[in-house]
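Just so it is clear: in the sequence shown, position 56 is 56 by full-length UniProt numbering, and no numbers are missing.
Derived from the structure by calculation, the hints contain no laboratory data. Only true hints are included.
Under the rule of at most 20 Å between Cα atoms (straight-line distance), these lysine-lysine pairs were calculated in the PhoX-like manner:
id : residue 1 : residue 2
1  : Lys10     : Lys88
2  : Lys87     : Lys28
3  : Lys28     : Lys10
4  : Lys87     : Lys121
5  : Lys28     : Lys11
6  : Lys88     : Lys121
7  : Lys121    : Lys10
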Amino acid sequence: MPARKPLHIKKGDLVRVIAGRDRGVEGKVIAVDTARRRVFVEGANRVKRHTKVVQAQGRQGKTGGIVTQEASIPVSNVALLVEVDGKKVPTRVGYERREVEKRRADGTTYTGYRSVRIARKTGEEI
1 MPARKPLHIK KGDLVRVIAG RDRGVEGKVI AVDTARRRVF VEGANRVKRH
51 TKVVQAQGRQ GKTGGIVTQE ASIPVSNVAL LVEVDGKKVP TRVGYERREV
101 EKRRADGTTY TGYRSVRIAR KTGEEI
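Please model the complete structure; the sequences and the hints are all you need to start from.
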């Protein structure tokens, strides 16, 4: 099986839904499902789940009812937002290798590289 491409969206990112029923909704990414290539966005794709009353032995059980929660959205249907001149604008994500100083367990330092996400629109680190 071929190796999967990494997702450019991470938990905590601010995104805008660009396709589907909730197009235009902006929210924070709650969770990322890398295996299924889907993201959960706060306030987008809300569905109702019917939960059953669970009787626990000797302690209080879970109450049943209808619960509204977010369902997943394909990662291709969201765009990362960055702030430019006080406005939130969608951008693509790029990667750059930056030189950083790292420290070994014995206290000595050395120069290494680390990959950082870059907003293509502004060129700044995300």
